[in-house]
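Undergrad: One line per chain: the protein sequences are Y and B, in this order.
Numbered per the working numbering, the first sequence finishes at 1659, counting up by one with no gaps.
Numbered per the working numbering, the second sequence finishes at 567, counting up by one with no gaps.
What the hints contain is simulated information worked out from the structure, not anything from laboratory work.
Quick reminder that beta carbons are idealized off the backbone N, C-alpha and C, glycines included.
Hints are not guaranteed to be accurate.
[To be verified] A short list of chain Y residues far from chain B (calculated; beta carbon distances all over 10 Å):
#1 D1239
#2 A1281
#3 V1372
#4 V1386
#5 A1409
#6 D1448
#7 E1522
#8 D1563
#9 V1581
#10 A1607
#11 S1634
#12 T1646
[To be verified] Covered stretches of chain B, as calculated for chain Y (at least 3 residues, CB under 8 Å):
#13 518-525
#14 554-561
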Amino acid sequence: MAITRRQFLKRSSAVSAAALLGPGLFGNPFVRRALADTIGDRYLLVIFLDGGNDGLNTVVPVNDGGGSLRTSYEAARGTGTGGLRLLPSDLANTLIGTDATGAQLALHPGFTGLKQLYDLGQVAVIQGCGYPDYSLSHDESRHIWMAGDPNNLSGGANGWVGKHLAANYLGSEIPAVCISDGVAGELRQNVTSVLAVHRLRDLGFPYDGASDADIPAKRAAFAALCASAAGSAQPGLQYIGSNGTATLLASESYPALDDLYVNDRSAFNDAYDAIDKSSARDLREVAKMVYGVKTGVPNVHARFFQLSNGGYDTHSDQGAAATDGQQYGLHQELGDSLKIFFDDLTDMGEADKMTVVVWSEFSRRVPQNDSGTDHGSQGPVFVIGGGVTGGVYGNHPNIDPAALDDNGNTVYSQAAGAFRSTDFRDVYGTILKHWLNVPEPTILSGILPIDSGNANTHWTTNDFDLGFFT
Amino acid sequence: MGDANSILTAAETRHLLKRTGFGAAAKDVAKSQQKGNTRGRAVDALLKFNPKKFQPGGKGKDPSLQDSHDQWITYMLKSKFPLQEKLVLFWHDHFATSNVKVANTRLMAEQNLLLRLMCKGNFKDLVKAMNKNAAMMEFLDIVRSGRHQPNENYARELQELFTLGVLDHAGNPNYLQDDIVQIARAFSGWRYDDKKKDTAFLDSDHHDFIADFPERGPKTIYAVRGGFGASGRSFAAGGEGAAEIDTVIDIIFDHTDTDGKNTVARRMAGRLLEYFAHASPDIGVIDEVVATSGFNTNWDIAGLVRTILVHDAFYETDVTPPFTAQSQKSITWPVDFVVSTMRALNVAGGGKHGDALRIDGGANIRDRLTDMGQSLFEPPSVFGWDWETSWISSATLLARFAFARDVIGARVKGKSGFHPEKLISLALSAPGAIVDAVTDLLGITDQLTVDERQALIDYVSDNGANTVIDLTDPDVQNVKLHGLFALVLTAPAYHTH
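Next comes chain Y alone, as it looks inside the complex (with noise of 0.2 Å):
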């Protein structure tokens, strides 16, 4: 039952207020603001690092400025053979901002698409992320990153993003995509449907391939079941035959998108291809959507994506400025996909809606190894898109060698100062505030939840206002 070209035109006749609008006053960041409150028509697609990313090798002093930064970061990582310094050199074209002590700083070398969207103002770097009695575990940190609940408060294994579309979809409705085989942590809860999916086009109803001609049959006959229990007393029952239902209805809208896309944006579809990397098409997975929402495809209404990408577990050969070093290609690839993805969505006039969270569940030791790094505590974040205030935020974590632990990794603090850490749930909360509208009482009772304990030591007070949305 795909939906054909011509019966996708008919459908689309209800413009959407931005095109209704024109460009130029939707340019307008007042009238922006105002129009996606009152519409609701944002956008958050979350990107995880799986294995670790480095963050000493992703935001990096360039010098000293007025601490030692630079100091202390070449006192760890070295040069020659396996050696992962970048030297100031390598770091010319990627500056960005300066740090609280006075450091310049840039971007990994490979990241030049993402130094271009920072360039733009579309790039808020959020340095030393992380939290209290960090795991050296990737399962254990991935679970409280995903949770963002290290104290395991708000129970079982519901995601930041999972626990907001509880409070606020049905099980009729899919919200959110996982661009994977399975539903991610983060997306994770037991209220609305998620969809997962590695690519539009293989998604489909698992109809037997007996004969073709017996399929809409098939379907008539279980969409009847469905719509039966959707209207059962039986709560079970009535969950399962709705879930049913709009399970069949995005079985066979969904596909569709990808014809749809190819053949309306055929130029950004070859530029994704021209990256030829997994990133890269896992966006255009979720551009597809992005597009088909935009121009109103019937049961396509999804807000919320997640994709991740792995590779980030560099304990050895983790490369430094080399164009053919492991993190350099992971960097280059990811920067490079999310530029092609802005520029798509800007061409649609939807990159103000969206707004992208890139993060990883550790960063990796001070100290190299012979040719990489072990897992480490505080990295960097990434906060990305149109509604965005780009710069750079919080602190870089303190790498001075006397103030590393013993596991040779950065301390967590709250204290104030130069090296106060930012809490990872001060990001999701700013987000969760200022981008999706959600009240800060909600925020601390439902998802993410205070800690207990000493306030220099623990996040005990929150602050969702870090200022990367004003």
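Take the given structure of chain Y and dock chain B to it, following the hints.
TA: This is chain B only, laid out in the frame that chain Y set:
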């Protein structure tokens, strides 16, 4: 008011078999009714088993998780006492331990054996055994708990999840943070010896003794909650050291809530009612099954389960409207869906290796269950799996439906294939009779509404265009008969029980 002597209807027998086993085909219902047509006799027949010493992955070995998983699924497929496995699944969820953290399949298999051997025994003994279970000791950090700062992880979950619960029925906390801190002292220094069958022992050098830490006070708990009075109860009264952890359990099992009722008995009766009967059991029913079974003093799991399974609440003769086949249905766990389906269709698993349970054209059972949201040996957290509607999302439904398609599509010869001619009579030709035969086989005939049955008939008959269906025609078999089986497996009613 019904009781153990009440005569079971066929629908009630079907309900009983599904909740206590894996599916209920018409022939199984008939067989159960022959064995005993009263609630009591039918339940006694289900509970009449001696727990088997089955340890998935083999004894004393370090199996792959895939092997352990496949062997457990195969065991469920073949088991003549499915209630044993239903109870093991309940305890696997209750004492949720994940190999993601334990990272030792031998310990996971040993825990699985322990849960099986004690699945219907004495609950107090089971909790005492879990204290010393190596997989649990790894999972909740007992092995990493020393005297200087005893780890609170196990002490917390022991109370919150395994026994008391956070709040009592009146909404009052059952314990305070200080009770957690004190109980953590009892567990400090416990280790297991992997050269002696992973047996637990107390390493006194790492144990918190009062003399060494006088500032931590006496080893006393529940001075505020528990009904022990202002002095609480000491878990060192019988001597400090190895005896403390058993004493802690004895005290917890004496804990009473603010209604003056035994807290553990109420909570476990509630949990088992939720598992077997329905969500949110009434407190009156909970107290009644505790009183009838004497669970608050004998801690006999089998007795409690029997009391629940003969109670009106299980058959819903006490609710308005009274029991119907559609009422108060519970959403099946993924493992129940898969095993029930393979049992009903007589599609056997087998062999020892990873792909032995592979259904034609798809991933193996473990991967499929992961996609459906239930990785055995890897529950998502110490809270176990979320039940009921939490099992259902578009992703998990598509995984269930893909399994339905592929199990029907397993056209291979022999035991691992699907052979409908051996399951229903190919002489049937009326669409309604064919639909009824398939829904009988899959045990959901009386769960379908008239409209739902009609939707299936419309499918088989192409909206009435064909009133005589020749099931011996291979083309009809391939399209309509297989299609009907797949449709019934995707019907919402099939995913409830």
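Undergrad: Against this structure, judge whether each hint is valid.
TA: Now the hints, each set against the structure:
At the 10 Å boundary, the C-beta of Y:D1239 stays outside the reach of chain B, the nearest C-beta of that chain being 15 Å off. Residue-level check passed: Y:A1281 sits 44 Å from the nearest beta carbon of chain B, beyond 10 Å. Taking the minimum C-beta to C-beta distance to chain B, about 5 Å, the non-interface status of Y:V1372 is violated against the 10 Å cut. For Y:V1386, the shortest C-beta to C-beta distance to chain B comes to about 8 Å, within the 10 Å cut-off, and the non-interface label is violated.
A beta-carbon of chain B is positioned within 10 Å of the beta-carbon of Y:A1409; the least distance is around 7 Å. For Y:D1448, the non-interface assignment is confirmed: its Cβ lies about 21 Å from the closest Cβ of chain B, beyond the 10 Å cut-off. At the 10 Å boundary, the C-beta of Y:E1522 stays outside the reach of chain B, the nearest C-beta of that chain being 26 Å off. Every CB of chain B lies more than 10 Å from the CB of Y:D1563, the least distance being 19 Å, so the non-interface label holds.
Residue placement check: Y:V1581 keeps its beta carbon more than 10 Å from all beta carbons of chain B (closest about 36 Å). The beta carbon of Y:A1607 sits about 31 Å from the closest Cβ of chain B, which is more than 10 Å, so the claim that it is off the interface holds. Every Cβ of chain B is farther than 10 Å from the Cβ of Y:S1634; the closest lies at roughly 16 Å, confirming the non-interface assignment. The non-interface label for Y:T1646 is consistent with chain B: the shortest C-beta to C-beta separation is roughly 15 Å, beyond 10 Å.
Coverage of the segment 518-525 of chain B by chain Y holds [criterion: at least 3 residues with CB-CB distance below 8 Å; count 4]. Three residues within the 8 Å Cβ limit are the bar, and the segment 554-561 of chain B against chain Y gives 4, so the coverage statement holds.
The structure fails hints 3, 4, 5 (numbered hints given earlier, in ascending order).
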